[in-house]
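Start from the sequences, fold in the hints, and give me the full structure.
Listed below are the residues making up each chain.
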Amino acid sequence: LRLIYTTTPVRKKNVGASGPEKYTEAFIKKQIEEFNLGKRHLANMMGEDPETFTQEDIDSAIAYLFPSGLFDKQARPMMKHPTEIFPEQRKIQWGEDGRPFHFLFYTGKQSYYSLMHETYEKLLNVQKYQDQLTAQDLPPQKEKRNLAGSRWLTKIELEEMLLEKLSDDDYSRFIQLLQKLMTLPCGDIEEKYIQKFSKVVPAQLQKVVIEPLKYDERGVAFSTGEGSTRKTARATAVVYDNGSGKITVNGIDVLHYFPVLQDREQLLFPFQFLDRIGKHDMVCTVSGGGRSSQAGAIRLASAKALRSFVTEKEVEFMRQAGLLTLDPRVKERKKPGQEGARRKFTWKKR
Amino acid sequence: DEKLLSEPLSHPDFFNVKELFSLKDLFDARVHLGHKKGCRHRFMEPYIFGCRLDQDIIDLDKTMQHLQLALNFTAHIAYRKGIILFVSRKRQFCHLVESTARECGEYAHTRYWQGGLLTNAHIQFGPGARLPDLLIFLSSLNNVFQPHVAIRDAAKMNIPTVGVVDTNCNPCLITYPIPGNDDSPTAMELYCKLFRMTIIRAKDKRRQSEVFNELR
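In order, the protein sequence lines correspond to chains A and B. At the far end of the first sequence sits residue 350, using the UniProt record's numbering, and the numbering has no gaps. At the far end of the second sequence sits residue 216, using the UniProt record's numbering, and the numbering has no gaps.
For the record, the hints were derived by calculation from the structure and aren't laboratory data. Glycine residues also receive a C-beta, built at the ideal position from the N, C-alpha and C atoms. Among the hints, erroneous ones may be present.
[Stated by the list, open to error] Quick list of the computed label-pair ranges, beta carbon to beta carbon: (1) L173/B <-> R99/A: 24 to 34 Å; (2) N213/B <-> L133/A: 51 to 61 Å; (3) F35/A <-> N213/B: 35 to 45 Å; (4) I156/A <-> D25/B: 43 to 53 Å; (5) A129/B <-> L326/A: 57 to 67 Å.
[As the list claims (entries may be wrong)] Below are the DSSO-like pairs computed for lysine-lysine, each with C-alpha atoms no more than 30 Å apart in a straight line: (6) K109/A <-> K81/B; (7) K18/B <-> K109/A; (8) K193/B <-> K122/A; (9) K109/A <-> K90/B; (10) K192/A <-> K91/A; (11) K193/B <-> K165/A; (12) K91/A <-> K193/B; (13) K90/B <-> K165/A; (14) K128/A <-> K81/B; (15) K122/A <-> K90/B; (16) K90/B <-> K128/A; (17) K109/A <-> K156/B; (18) K109/A <-> K193/B; (19) K180/A <-> K36/B.
[Stated by the list, open to error] Over the 12 Å line for every Cβ pair with chain B, so calculated as not near, a few chain A residues: (20) P82; (21) K214; (22) K231.
Spelled out as structure tokens, the structure:
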């Protein structure tokens, strides 16, 4: 089993699974009543209609009335419906006469074992179906399901689904059962059941949308690269087709703006990579930063603009060459007790 | 109400359990087959008919008597609305036992037995949990060929037990042992069928008597 690294906050306490009944039903009902009353009061305070006061209005009102400079969003004052704040709890498992509701109650982990029971039943069904097919001499169905785009639920997600604590062994056993179920030629019968426990992982490349070319009054194609930054410099570049390799920065020619050869090489790198040096014109605006960071920002902006002129394969080559990656390096802050960000004061033995 | 509870106790076989099985059924389901002579437990010797080619054969007459007593007892417990817990640690029959329990409306435990389930119930399940009134063992040993912990725990908590004991099991602490095979699938299906039918019969009779009482 491969370890799946998640970006959810580490060590999130699953309150729903830790113990029976930390919040009684009466308590949660009272909280809901108080929340509704408070919502009406807030609406009156803000001068809005209490009937049509949505959760977004509540959030904006609270942010206005209690401004907070805290970085952690969860530490700021919030007013939400109690079902979102208090996690789902397990109610009492037995009726008035003392008989438990679930038939596996006495095992201790009833939801997990009932899940295993159900999955095993699906497995037996599939085997019976297979036997029926072979008895009728029909060929077994072979459908290739897309294995690459999906992953199984993590242990934490499964715990949240079952409202019960699981051990690593239990989780691995369940995943092994699911994998066994998937490897059999079962087809559509159990697809729906398996989909409950798998999540789709979208490929990273599909998210980035390449904008189409725009045409100006003369009929020349151009495209804009925006929002590129390097240290503190901000740049936008407009790349025109059918050009002769002229580059203008802030209305000034490139030779005058960047007297140093290194900066001009940085500007030319995307064009040189795609063998389009004398074919495009560029007009850019840049502000902030210093000499080198402005050059880097314009380079990124022009690479982003060139994506629309070029095939997808070449875009992938540019991405792998590092032309489309935003450089995240910023000046590190100085810490107290040290002379700089990393440099410590001179160590004296005595 | 007192009549409801005292009436079944006057008859020796109020629920007519004898008609559910016959000696031939037991023989066809291979209940008489035991383990090899080397695996024999000392306390099972009274229940063994003989030994053929090193394999023990269980005496089906004694099995019939014990089975009738056990089924009668489970029927009485089900009539009085007691909680019945099916226990078995055999992996092949785990699904069968759980489905039987679900169909009866009773409870099953065919997984790893956590130490304090019966003896430490206040902490395991919250306060006010009700313990089972009868434990039915469809296989008396656990996966390491040792007697199941639940036999000892039920004896500690004064909970009566019904159990299918094979030739390598210890029938001492079980209140209603049933000497018989616990390894063949046909035998296990027969036991599940018998228990299911007795429990459903007893519950139906209880509902009928309550309806008659209300009509009066």
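Structure-based check of each hint:
1. L173/B <-> R99/A: 24 to 34 Å: Holds, since L173/B and R99/A (Cβ atoms, about 26 Å apart) stay within the stated range.
2. N213/B <-> L133/A: 51 to 61 Å: 54 Å, holds
3. F35/A <-> N213/B: 35 to 45 Å: The hinted range 35 to 45 Å is violated for F35/A and N213/B, with Cβ atoms some 50 Å apart.
4. I156/A <-> D25/B: 43 to 53 Å: 51 Å, holds
5. A129/B <-> L326/A: 57 to 67 Å: 59 Å, holds
6. K109/A <-> K81/B: With Cα atoms ~24 Å apart, K109/A and K81/B stay inside 30 Å; holds.
7. K18/B <-> K109/A: 38 Å, violated
8. K193/B <-> K122/A: 22 Å, holds
9. K109/A <-> K90/B: Distance ~19 Å between K109/A and K90/B Cα, so the pair holds.
10. K192/A <-> K91/A: 29 Å, holds
11. K193/B <-> K165/A: 34 Å, violated
12. K91/A <-> K193/B: 34 Å, violated
13. K90/B <-> K165/A: 25 Å, holds
14. K128/A <-> K81/B: 36 Å, violated
15. K122/A <-> K90/B: 20 Å, holds
16. K90/B <-> K128/A: 22 Å, holds
17. K109/A <-> K156/B: Roughly 23 Å separates the two Cα atoms, so the pair holds.
18. K109/A <-> K193/B: 27 Å, holds
19. K180/A <-> K36/B: With a Cα-Cα distance of about 35 Å, the restraint between K180/A and K36/B is violated, given a limit of 30 Å.
20. P82: 23 Å, holds
21. K214: The claim stands: K214/A keeps its Cβ more than 12 Å from every Cβ of chain B (closest is about 65 Å).
22. K231: 59 Å, holds
Hints 3, 7, 11, 12, 14 and 19 from the list above are not met by this structure, while the remaining hints are.
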